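There are 2 protein chains.
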Amino acid sequence: MSKFVYLFKEANQSMRNLLGGKGANLGEMTSLGLPIPQGFTVSTEACTRYYEDGKKINKDIEKQIFEALAETEKIVNKKFGDNSNPFLVSVRSGARASMPGMMDTILNLGLNDEAVVGLAKQTDNERFAYDSYRRFITMFSDVVMEINKSNFEKIFDAKKEAKGIELDTDLTAEDLKDIVEAFKVKYKELKGQPFPQDPKEQLILAVEAVFRSWDNPRAQYYRRMNNIPYEWGTAVNVQSMVFGNMGDTSGTGVAFTRNPSNGEKALYGEYLFNAQGEDVVAGIRTPKPISELEKDNPAIYKQFLEISSKLENHYRDMQDLEFTIERGELFILQTRNGKRTAQAALKIAIDMVEEGLLTEKEAILKVEPSQLDTLLHPQFDPEALAKAEVISTGLNASPGAATGKVAFTAERATEMAANGDQVILVREETSPEDIEGMAVAQGVLTARGGMTSHAAVVARGMGTCCVAGAHEVRVNEEELFFTVNGKKYKEGDYISLDGTTGKIYGEKVKTIEATVSGDFAKLMSWADKHRALKVRTNADNKRDASQAYEFGAEGIGLCRTEHMFFEGTRIKAVREMIVAKTVEEREKALAKLLPMQRQDFIELYEAMQGHPVTIRYLDPPLHEFLPTDKEDIIDLAKDLGITFDELNATINELHETNPMLGHRGVRLSITYPEIAVMQTRAVIEAAIEVNKKGLNVVPEIMIPLVGELKELKYIKERVVKTADEIIKAAGVELKYSVGTMIEIPRACLTAEEIAKEAEFFSFGTNDLTQMGFGFSRDDAGKFLADYYKKNIFNEDPFAHVDQRGIGRLMQMAVEDGRKSRPDIKLGICGEHGGDPRSVEFCHNIGLTYVSCSPFRVPIARLAAAQANIKNPRK
Amino acid sequence: MSKFVYLFKEANQSMRNLLGGKGANLGEMTSLGLPIPQGFTVSTEACTRYYEDGKKINKDIEKQIFEALAETEKIVNKKFGDNSNPFLVSVRSGARASMPGMMDTILNLGLNDEAVVGLAKQTDNERFAYDSYRRFITMFSDVVMEINKSNFEKIFDAKKEAKGIELDTDLTAEDLKDIVEAFKVKYKELKGQPFPQDPKEQLILAVEAVFRSWDNPRAQYYRRMNNIPYEWGTAVNVQSMVFGNMGDTSGTGVAFTRNPSNGEKALYGEYLFNAQGEDVVAGIRTPKPISELEKDNPAIYKQFLEISSKLENHYRDMQDLEFTIERGELFILQTRNGKRTAQAALKIAIDMVEEGLLTEKEAILKVEPSQLDTLLHPQFDPEALAKAEVISTGLNASPGAATGKVAFTAERATEMAANGDQVILVREETSPEDIEGMAVAQGVLTARGGMTSHAAVVARGMGTCCVAGAHEVRVNEEELFFTVNGKKYKEGDYISLDGTTGKIYGEKVKTIEATVSGDFAKLMSWADKHRALKVRTNADNKRDASQAYEFGAEGIGLCRTEHMFFEGTRIKAVREMIVAKTVEEREKALAKLLPMQRQDFIELYEAMQGHPVTIRYLDPPLHEFLPTDKEDIIDLAKDLGITFDELNATINELHETNPMLGHRGVRLSITYPEIAVMQTRAVIEAAIEVNKKGLNVVPEIMIPLVGELKELKYIKERVVKTADEIIKAAGVELKYSVGTMIEIPRACLTAEEIAKEAEFFSFGTNDLTQMGFGFSRDDAGKFLADYYKKNIFNEDPFAHVDQRGIGRLMQMAVEDGRKSRPDIKLGICGEHGGDPRSVEFCHNIGLTYVSCSPFRVPIARLAAAQANIKNPRK
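In the order they appear, the protein sequences are chains P and B. Under this note's numbering, the first residue of the first sequence carries the number 1, and numbering increases by one thereafter. Under this note's numbering, the first residue of the second sequence carries the number 1, and numbering increases by one thereafter.
By construction, these hints were calculated from the structure, which means they are not laboratory data. Predicted model only: the values in this text are computed from it and were never measured. Among the hints, a few may not be true.
Chain B side only, calculated, beta carbon under 8 Å to chain P, not exhaustive [to be verified]:
(1) 670
(2) 708
(3) 778
(4) 792
The beta-carbon is built from N, C-alpha and C at its ideal position, and this holds for glycine as well.
Produce the complete structure using the sequences and hints provided.
And the structure:
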């Protein structure tokens, strides 16, 4: 039988995975000689066993728990259920990662009809003893037995009413005894058996309840939001109770060793005299700032300062402590690395280097890359936010805060913005035609689509706040309103979106602008010094490219040329091209696009100042450029000078059952090589033009959706022929390269062949994930909800590179690609290029660069540095 | 410089890949001492170089050609362009695989104004010489210079008219001289330069023309139909001319060493005296049966008999010979293994074993497995077929011949069939609702969809003839007619389909029934003795299962349970299940399906006589069970007792952008585990029932579309719990297993994990191909046409397992799956299970069985035997 239960004195910091953060730290603090109420931890492995055994604690684990209990009784010299010196414990969850408030806690466990007498004797305070007992019964019944608290609250309130009193504290010991009796009667009535009097039985039931709480809906949600695997499980800490509510020499509080809002180096926190932890949290009494403890009890304050400083130095990180003072004696209940704002994280990391507490590399590892987002986007004013009502929640698709008037079409959004209004664009889902409306909007809300839907991807690229896939929102695009949970919002009504949390507010909420401090620049400069991966950006226009350049992008890793095709005059030429019946007609339409496309590239090259620019050739299925609405089709037919039937026939012909797996990417170029030829002209002519002005652009031409060497070869031949002719005619020297996106599983499987023609690979992990999993990102949202609920997935499979499956394909492609072209340039340009965990993976498999949306560039820089510090590249 | 040109005397049989079949055999026959007009072969590698060099023959190859020419001149003792003893040659293509009629031939090359004089002298026949010259000018201009023949025919006919004669043979030598002059003038007029007089220039131009013809549209088409890679290229054979048209002691003919129609052992063929090969083929004069040669020229006949017998013994296969007799001297122009009917193939193989010419294993290798198809399906009467007009061609989706009246809906097809009509069901594309109509139809024609479309897959399963994806056919399903190339066909009009060739005939064509001979049974028994792979069938009903059992299936590898859900009373319960709002409602609807589903399985188990039966749980997206038409929705809503809006909302909710990558397979079971529970009840209860009657069924439960271990685990837990409860309650012993389809790329990538729960893997290579390539089989047809035209693909990527890409995934899954479960059962149940090339691959990677549609079972048995003979399994 393995060991499932550990006394605090057997534990230490390194046992976090086994004992959870709380348990490991209680062990560590015990060995540091700090005043810790003793106890033991039931391991996370016991939790896993509990679930494997069909939600039962097996007899061996129970035995180990009772042995640890007996040991602890000896240490604290108290006895479970004793009527003179009873041993009471708290039972609390403690997972590997901190999950504040997500799981359950039971205090005062061990009380029964005997022990309560003992507690009264021991504390010489009968009222306190019975108050503790009634609290315990309520908490145990609620958390362990799933009896609604209101059953007990009614009895309690009835007693107060009967006695004509208002404050709980006015109840006497006798009143509380009556209440306890009434509670026990109620309990029996509801459960059919008496309230358990055996403290050991209470303990096992409580441990089971904590294990069970690992899988409650709010824990599931928290895990998914924070990428915590279900498999980790939670540990359970059984700790002897100390009481902060034993009179005026007792108290309880929480404190941070530095200010978690701004990072200033000063003890920060609050405490309450004569109170238990729950009182501080519940907010019934207003706690005092921790600084006042110095006046109230200078000795304890001094001791606390020493301990907190010792812990910060020991853990080399800002600590978040819970403490209790029991009759003048200080106890530390837990310590953990404190949560902090991005601003504080930067300041603390930098200060600690200056203080000599951390090296630069260590400081880099202390800042969570994804936190940087909040520094770059507007946020809500916290005060205003506290008052605002959440009407629904969607996916936190693109961070930031936005407030504005609702618009339901891109056209209306543009008009309203032109009138000086702040606008929130609300759509069932967006399509490329909505780009302009998205660009002028403060935020975008969609009812359908996931984290990599069109709305999400484009909004992130623009740095625009977006809440996507808000399933409760029902959009009526014809009558211009949406409803959510029975409420109706019309065009012009105010709503607000929090793209960082996914919350939707039905009103105007004040926002505050983003501010970037000097600390940010300093940390970024350190990060750049320590990373091996290059960081590029995905950008299709001057604005995004310049923004990304400011954020430190070292080139463009993905320019989606189709985004350039939707603007007014262009879309017409694109549509002429689509309805063309001959190559000549098609070339005529393409000739109209050439000068515009060339100008686009000139602007991008200039924004990137000579850094590499990767241009992906036309990718989406052509039907995306055509209208679907009958009236729009009639208008367009007129415009194009063809009949409705003709145009409609073209649209029907382009219809696909599964457009995701249809006629797009390189497949378009194979049918219409003249498109690739036009794009090549634009790429090369633009490069020649800017290089004349002194830049040294080396364009990278990227062919999408290749799954077979010959596809690439066919197009590359035409690209090279076109490019070389232009270069020769211009009489200049110009280098360029031709590569491919690796986004089809078969491309990974045949990478050795493809690398014979491809001068670079850029992983398109969105599509690779879609095809590798067989999940359409437009559709999967609906059934993935069941996957989360049933713990089949812990998280959105599109959120991070799936290392076990899709990552294996990537690794094959990297290894095989290098076999035929050892110096092949390897990048990633899917959404994952800005996800810290995926960036680490890309570093580890040896990519050359990652490319991400402009606002994620700093995140990627930091993540790349962390990856290289953890696993330095030779 | 490599060697690109080989004299016949340098070549032999083993050089087929390099020199093509014709070249290698001419070499072999030369070394056997047979009378072969000498010459040389330009290799297939030269063809590859020709294309790589931008369709030019490089100087080195040209030099080698001229050297070989000089050598040959020495051997035959003639001179190119000589005015007394000119050397003339034929220039013919010859690829690795025989491609009769697909590429071009040029005869009499070497004639010019000088050589024609020489030829006249040499043959003492001026008329013959000029007739040869005018033929050469026409053929060279047509084949090499792309000048339409009609230009010359007009001149020729004008001369005849001017002379008032009818027969070509009435033209005199002088007339022909005039004609030659006029031809040369015409040539210069069209080409701007004189007809090439340099025989060496003629030769190089001709060789280039043959290389060019490798990529002409009819060669492309032939290659695709016969799986011949573009990369192989063709060789060119330059052979000295011999003339069968030099008078009555000359002649030409073709012969088979056995009868290619029925396999009888007797020389079979025909010949013509005083004629060239083209006359035999053109059919202007009626040739005599070869047997008459014995009377006409017993010595030559005897010599020919000896040679043909020698060649058959040498090649150990039936030979197809071309010969020419020049002034009493016999020459063999080529030999090759003869094409033959399936019936002949069987007889020849078996006879040759009896004759001691072949071993059993060798005989097995001589029969093309895919040929067996024609033995099992009705065929057209060849005479009737010769007269019928082809109105269009689609994909040869399911073999056989069918004739009947057109019906446009499954309902009408059923009604018409009930009235005793033979019916052809014509649809834009079929859906599962059409099953009944397909079952009663003689044949199915669809305008859309590929080789693995619904229509194709289901028709093959039923053994029903099907032509799919006939793009020229425009179906008007509302007004009940279709048009094709301007012609209109209404309900009730007769059409005929050839599912083996894809041809569509606009009339009734007489069919003849399939006949299976004793030879078939004998060869199959040999095949069974020599194979290692088991062969199962894909079948969903008693009829198909019994059919497959007769054809030798050793179990069912795939029962698609959804096919059982479309019948009248069932579809209603299925729909009730879909619109159910609660688990209870859903279970109520499922309870109605249970007895029917149980009965289905009883029938299948019984049909399979205790052989294993693999049952795949519900797979398709639920929207496939709901109507799309407004009126049908109204009707159904009434039927289900809900409002139109409610039903419509459900339908809209089920709509998916990419249903292929949507909510189906195991994903359905995760959302609605009660479906899997009901199916488990049916599977297990049915097995208990039939086992009571003495069978020993071990059901195999197959979960589709698994991509992650936990998906399978979640469902397996419920399946096992349900099954074990039923078995326990019944008080019986029953074994069963639970496995999964491997059809998602990620399943292959994580096979080691999945095998921890899966007791068997069955590769679903249709979906694996779709996702691995990123090709939707419903949509790819449209753009794949361009892929064939541009030689990016040689063949439909769904036709055979793609060994370089998808096959690599399969191999990973096999190896990794065995790591965690060494005795895992491995099968394939995609369409590829009946494709000989894919069967060989499955054998080579170590699968346990293949499963295919009933009519492909014999094909798979033979292919499995061939695979094991070539690469014996230890």
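These are the hints, each one checked on the structure:
no. : hint : in the structure
1   : 670  : holds (5 Å)
2   : 708  : holds (7 Å)
3   : 778  : holds (4 Å)
4   : 792  : holds (5 Å)
Going down the numbered hints, you'll see the structure goes against none, and every one checks out.
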